[in-house]
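Colleague: Sequence:
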Amino acid sequence: MFVALCGVLAFFIYISFAKVHSPFGIIETAPNAFLFAIAVSTIVFCIRRSMRVKQFFSIFILRAVALSISGYMAYALLWIVVANHKLYLISQMSTEELDVMYETLKHQPCDRYNAHLLAEISVKTNTSSKTLEKIAKNEGVCLVQAYALWSGFVSSGTGNYQGNPVKRLVAQNANTNAKTLEYLYSLKDFYITASVARNVNTPVKILEQIYREYGHNMGFDLAINPNTPAYILSALSDTDNQYVKEYIAKNPNTPPEIKKKVMEGLP
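Going by numbering that gives the first Met the number 0, 254 is the number at position 255 of the sequence shown; the sequence numbering is gapless.
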């Protein structure tokens, strides 16, 4: 019993010194705290039994392997429960509640838990354009690798996790206004720009600038946007990319002769 109490005490001491600031921060720190607790409890156990160093390491390794498996499984389960519960609450929030939630989150540390919450706010269809602008301009949103496990970002059709995921989600949101989209374009990030190119609220002058700067490298994204000028769609039709041709054929701004041409080339 004494050994177990020492382990529990060591666990909470580690958590307190880690200075975590969110529920996910505690969960993320738990595996290291767990190993620290195993080490402390093993040391106490060996001292009480007057064991030698060799015996200590043997016992420590056995305990670490056995308990780490169960510990990491518990860690994964806690992560899913805590994060998904909060994401569910955000999914039910009104526009006003989302505004308040962002104001709370912007003062929080930039960890994966808060990253997921920001991502959920950024992708919500009822998030206000004002809040989306604040998220886009918040330089604290530095969450590049936070979404490897977030299915919403995968299903958005991006296909990768390059660029700044939070700002890319803002650029994709239909509530993001032209001013914010112009700002996001000014960041000169290829992947954010791709999302800007798709947004129907992006001004035509920005779409033209994107085409001049990136050309066919941004063809797929420009072909999707129904506001892309006809001359750009005509130029983009000169491609072997079947997906680009398909969206050019669907675009309402595509001239009839160009639409006929690309449709003939489709399987």
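In case anyone wonders, no lab produced these hints; they're calculated from the structure.
Fair warning: this is a prediction, and the values are worked out from it, not measured in the lab.
Each residue gets a CB set at the ideal place from its N, CA and C atoms; glycine is no exception.
Some clues are possibly wrong.
The calculated DSS-like cross-link candidates involving lysine-lysine, where the alpha carbons are at most 25 Å apart (straight line), are [to be verified]:
{"hint": "1", "residue 1": "Lys-204", "residue 2": "Lys-249"}
{"hint": "2", "residue 1": "Lys-85", "residue 2": "Lys-136"}
{"hint": "3", "residue 1": "Lys-249", "residue 2": "Lys-129"}
{"hint": "4", "residue 1": "Lys-133", "residue 2": "Lys-187"}
{"hint": "5", "residue 1": "Lys-136", "residue 2": "Lys-105"}
{"hint": "6", "residue 1": "Lys-178", "residue 2": "Lys-260"}
{"hint": "7", "residue 1": "Lys-105", "residue 2": "Lys-129"}
{"hint": "8", "residue 1": "Lys-204", "residue 2": "Lys-187"}
{"hint": "9", "residue 1": "Lys-249", "residue 2": "Lys-187"}
{"hint": "10", "residue 1": "Lys-105", "residue 2": "Lys-178"}
{"hint": "11", "residue 1": "Lys-249", "residue 2": "Lys-259"}
{"hint": "12", "residue 1": "Lys-178", "residue 2": "Lys-129"}
So the derived label-pair ranges between C-beta atoms look like this [claimed, not checked]:
{"hint": "13", "residue 1": "Asn-176", "residue 2": "Glu-212", "range": "30 to 38 Å"}
{"hint": "14", "residue 1": "Leu-86", "residue 2": "His-215", "range": "32 to 40 Å"}
{"hint": "15", "residue 1": "Asn-176", "residue 2": "Ala-229", "range": "32 to 40 Å"}
{"hint": "16", "residue 1": "Ser-128", "residue 2": "Asp-237", "range": "31 to 39 Å"}
{"hint": "17", "residue 1": "Asp-239", "residue 2": "Glu-181", "range": "27 to 35 Å"}
{"hint": "18", "residue 1": "Glu-95", "residue 2": "Ala-229", "range": "39 to 47 Å"}
{"hint": "19", "residue 1": "Lys-129", "residue 2": "Asn-240", "range": "19 to 27 Å"}
{"hint": "20", "residue 1": "Lys-204", "residue 2": "Ser-128", "range": "42 to 50 Å"}
{"hint": "21", "residue 1": "Ala-173", "residue 2": "Pro-254", "range": "24 to 32 Å"}
{"hint": "22", "residue 1": "Glu-263", "residue 2": "Gln-107", "range": "48 to 56 Å"}
{"hint": "23", "residue 1": "Glu-96", "residue 2": "Asn-240", "range": "37 to 45 Å"}
{"hint": "24", "residue 1": "Leu-8", "residue 2": "His-106", "range": "26 to 34 Å"}
{"hint": "25", "residue 1": "Asn-83", "residue 2": "Val-203", "range": "24 to 32 Å"}
{"hint": "26", "residue 1": "Glu-245", "residue 2": "Asn-176", "range": "24 to 32 Å"}
Colleague: Now tell me, hint by hint, if it's right for this structure.
Modeller: These are the hints, each one checked on the structure:
As the CA atoms of Lys-204 and Lys-249 are separated by approximately 22 Å, the hinted pair is consistent with the 25 Å bound. With a CA separation close to 24 Å, the supplied pair Lys-85 and Lys-136 stays within the 25 Å bound. The straight-line distance between the Cα atoms of Lys-249 and Lys-129 is roughly 32 Å, outside the 25 Å bound, and the hint therefore fails. At most 25 Å may separate the alpha-carbon atoms for a hinted pair to count; Lys-133 and Lys-187 meet this at roughly 18 Å.
The suggested pairing of Lys-136 with Lys-105 holds, with an alpha-carbon distance near 11 Å, which does not exceed 25 Å. Proximity of Lys-178 to Lys-260 is assessed by CA-CA distance (about 36 Å); at most 25 Å being required, the pair is judged violated. Taking the CA atoms of Lys-105 and Lys-129, the gap is about 14 Å. The hint holds against a cut of 25 Å. Distance hint between Lys-204 and Lys-187 is fulfilled; the C-alpha atoms sit about 16 Å from each other, no more than 25 Å.
Under the criterion of a C-alpha separation no larger than 25 Å, the hint pairing Lys-249 with Lys-187 is inconsistent with the structure, at around 28 Å. This hinted pair checks out: Lys-105 and Lys-178 have alpha carbons roughly 21 Å apart, not beyond 25 Å. Of the supplied pair hints, the one linking Lys-249 and Lys-259 holds, its CA atoms being roughly 11 Å apart against a limit of 25 Å. Distance restraint check for Lys-178 and Lys-129: the Cα-Cα separation of roughly 10 Å lies within the 25 Å cut-off, and the hinted pair is therefore satisfied.
Checked against the hint of 30 to 38 Å, the pair Asn-176 and Glu-212 fails, with Cβ atoms roughly 22 Å apart. Taking the beta carbon of each, Leu-86 and His-215 are about 37 Å apart, inside 32 to 40 Å as hinted. At about 25 Å, the beta-carbon gap between Asn-176 and Ala-229 misses the expected band of 32 to 40 Å. About 36 Å separates the C-beta atoms of Ser-128 and Asp-237, a value consistent with the hinted range of 31 to 39 Å.
Between Asp-239 and Glu-181 the Cβ separation comes to about 32 Å, which falls inside the hinted range of 27 to 35 Å. Distance hint check: the CB atoms of Glu-95 and Ala-229 are about 41 Å apart, consistent with the given range 39 to 47 Å. Our hint of 19 to 27 Å for Lys-129 and Asn-240 is violated, since their Cβ atoms are close to 37 Å apart. For the hinted restraint 42 to 50 Å between Lys-204 and Ser-128, the CB-CB distance of approximately 19 Å leaves it violated.
At about 27 Å, the beta-carbon gap between Ala-173 and Pro-254 stays in the expected band of 24 to 32 Å. The supplied range of 48 to 56 Å is met by Glu-263 and Gln-107, whose beta-carbon atoms lie about 55 Å from each other. In this structure the supplied range 37 to 45 Å holds for Glu-96 paired with Asn-240, their Cβ-Cβ distance being about 42 Å. Leu-8 and His-106 have their C-beta atoms about 31 Å apart, which keeps the hinted 26 to 34 Å range intact.
For the pair Asn-83 and Val-203, the beta carbons lie near 40 Å from each other, so the given range of 24 to 32 Å is not met. Checked against the given bound of 24 to 32 Å, the beta carbons of Glu-245 and Asn-176, roughly 29 Å apart, stay inside it.
When the structure is compared with the earlier hints, violations turn up for hints 3, 6, 9, 13, 15, 19, 20 and 25 and for no others.
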